[in-house]
Amino acid sequence: MPIQINHGVKGKEYPPYTVTIERGRIKDFARAIGDQNPFYLDDKVGAASEFGDVIAPPTFPITFKDETADSNAFLKELGTDISRILHGEQEFELHRPLRPGETLLCRPRIADVYEKSGKSGAMAFVVRETAVTDKAGELVATLRGVTVVRL
Amino acid sequence: MKYGKVYAEDVTVGQALPDLVKGPIQQIQLTRYAGASGDFNPIHQDDEFARAAGMGGVFGHGMLTMGFVAQCVTDWAGAGSVRKLGVRFAGLVRLKDTVTCKGRVVSKSSSSDGMHLVELELSAENQKGDKVITGKATVALPSRER
Numbered sequence: 005m006p007i008q009i010n011h012g013v014k015g016k017e018y019p020p021y022t023v024t025i026e027r028g029r030i031k032d033f034a035r036a037i038g039d040q041n042p043f044y045l046d047d048k049v050g051a052a053s054e055f056g057d058v059i060a061p062p063t064f065p066i067t068f069k070d071e072t073a074d075s076n077a078f079l080k081e082l083g084t085d086i087s088r089i090l091h092g093e094q095e096f097e098l099h100r101p102l103r104p105g106e107t108l109l110c111r112p113r114i115a116d117v118y119e120k121s122g123k124s125g126a127m128a129f130v131v132r133e134t135a136v137t138d139k140a141g142e143l144v145a146t147l148r149g150v151t152v153v154r155l
Numbered sequence: 240m241k242y243g244k245v246y247a248e249d250v251t252v253g254q255a256l257p258d259l260v261k262g263p264i265q266q267i268q269l270t271r272y273a274g275a276s277g278d279f280n281p282i283h284q285d286d287e288f289a290r291a292a293g294m295g296g297v298f299g300h301g302m303l304t305m306g307f308v309a310q311c312v313t314d315w316a317g318a319g320s321v322r323k324l325g326v327r328f329a330g331l332v333r334l335k336d337t338v339t340c341k342g343r344v345v346s347k348s349s350s351s352d353g354m355h356l357v358e359l360e361l362s363a364e365n366q367k368g369d370k371v372i373t374g375k376a377t378v379a380l381p382s383r384e385r
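Those protein sequence lines, which keep their order, are chains A and B.
Taking our numbering, the leading residue of the first sequence gets 5, the next gets one more, and so forth.
Taking our numbering, the leading residue of the second sequence gets 240, the next gets one more, and so forth.
Just chain B, same shape as in the assembly (with noise of 0.2 Å):
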């Protein structure tokens, strides 16, 4: 199922997307997706530059918790699907975090292109419970008459 395509047909309003859990967060992922986003805040990278700046040491990437979030959609609904993703930073990613992204479909339509348009409710918690990531996604689906 995993990377597989999901069609219009076989998805209903309700209906959760499989959990995706990611970390626990190591430094060494956070340099890395400084390198590959672009990102190089030290606020991401130097504990006491992170202190300093009263915000108690190093948290991970907000775009990184994002990648996760799209993740968890795209290994759902397939790459390429995602029409529209946004998200609110609700809280900080620590080191050493466990982040489970969860997702859930809201509403289901029909596009002029003759894709569906699925609109999906999304969310991201670290092992405590506390919301780090809250958010809405549209992805458009296929259908299987085509």
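With the rest of the complex left out, here is chain A (with noise of 0.2 Å):
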């Protein structure tokens, strides 16, 4: 039963919405990784290095969501659910390391919404960014998702 996409969205910005970084979820992040990096995991080592402190992987902004946010209602005003819904690319541009203890501001918008047939069938991508600044207004990060939605 193939279903319509609200192309409405494209464009939307959403609430900006805060973060704070905390050690063990680094650690716990890399550790699920299975990347043992020291800059990651041993405080001593951060402490000693450059950054002054452990820092992030460079995926860990992916782990910055709305809190208060419900990600089905996103789906649902998309006009799908997580069933249907595949991660097609990512994107990270990293400006500096990020470390624990940092509140940052996210800000997400809906950078495009658009379908294309594939080999599998049809599917309709939708193109998120959200634009992450630090206490001083700096953009820290940029991250760029692509999520595909099988029609």
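These are calculated hints, taken from the structure and not from any lab test.
Source: prediction; values computed, not measured.
Every clue listed holds true.
Below 25 Å or equal to it, Euclidean Cα-Cα: the simulated DSS-like pairs (lysine-lysine) are:
hint, chain 1, residue 1, chain 2, residue 2
1, B, Lys323, B, Lys347
2, A, Lys16, A, Lys69
3, A, Lys31, A, Lys139
4, B, Lys370, A, Lys123
5, B, Lys244, B, Lys341
6, A, Lys69, B, Lys323
7, A, Lys120, B, Lys370
8, A, Lys139, B, Lys323
9, B, Lys375, A, Lys120
10, A, Lys31, B, Lys244
11, A, Lys123, B, Lys367
12, B, Lys244, A, Lys48
13, A, Lys31, A, Lys48
14, B, Lys323, A, Lys31
With the C-beta cut set under 10 Å, the calculated list includes, among others, these residues of chain A facing chain B:
hint, residue
15, Val58
16, Thr67
17, Glu97
Rough simulated footprint, nothing fancy, chain B against chain A, three-plus residues with beta-carbon under 8 Å:
hint, region
18, 24-34
19, 41-51
20, 59-65
21, 75-88
22, 98-107
Yeah, the Cβ is synthetic: ideal placement off N, Cα and C, and Gly gets one too.
Hints in hand, dock the two standalone chains.
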């Protein structure tokens, strides 16, 4: 049963939210990947490093979620549900390493929505961009994710 | 060399990064990654759900495989060196799969802050040689002269 995607979300900006980077979360994240890098896991190595503390792995910003938002609500607004979505692409621009204790502001928007037919049938592509700034208002990271919806 | 620092002078275009081999993928790693990342999509946990969704069973989070690819880069270039990392998820990673991450230097240039920007071409493949990720990264490497 094919579904209709709500193209009206294109260009929509979602409410900004803050995240605070937790030391334990960085370590859990690195260990879940099986990455034993001491610059992520060892506080002493971090303190003695040029960064002054442990830092987050490159893909860690994927954990920056709005805890107050219901992700199912977005999928519903889009006209789909979790069983139909796949992660198509992901990009991180990282302007500097991120450390524990930092509070960051995330501003998500839907940059694009388009449809294409591929070898596995019709699909919609939803491009979500999130700009992440620090307390000084400096851009520290930009996330760009493409969600594929099987129509 | 692992976790070591690479200097821009030591990098040549065409050079291969050491391969990083991960897996075999077990369900517990997907469960652990769900907890650590906050992505609890049952398609990565519940075989029945994944089959009903037409996916033929559980498969790994794309972001977990991207984490492997990031590790391949930082094991070589050093933690904190990644300025940009972008991938396309080209295939599914299944339970028991082994994932081999590969990288190659495609260009090298100077940056205004005295660092050198090195562009990498990246991929990850399963034990059958099927690509599960293709991607690119930019890393900033220091110069020996500083």
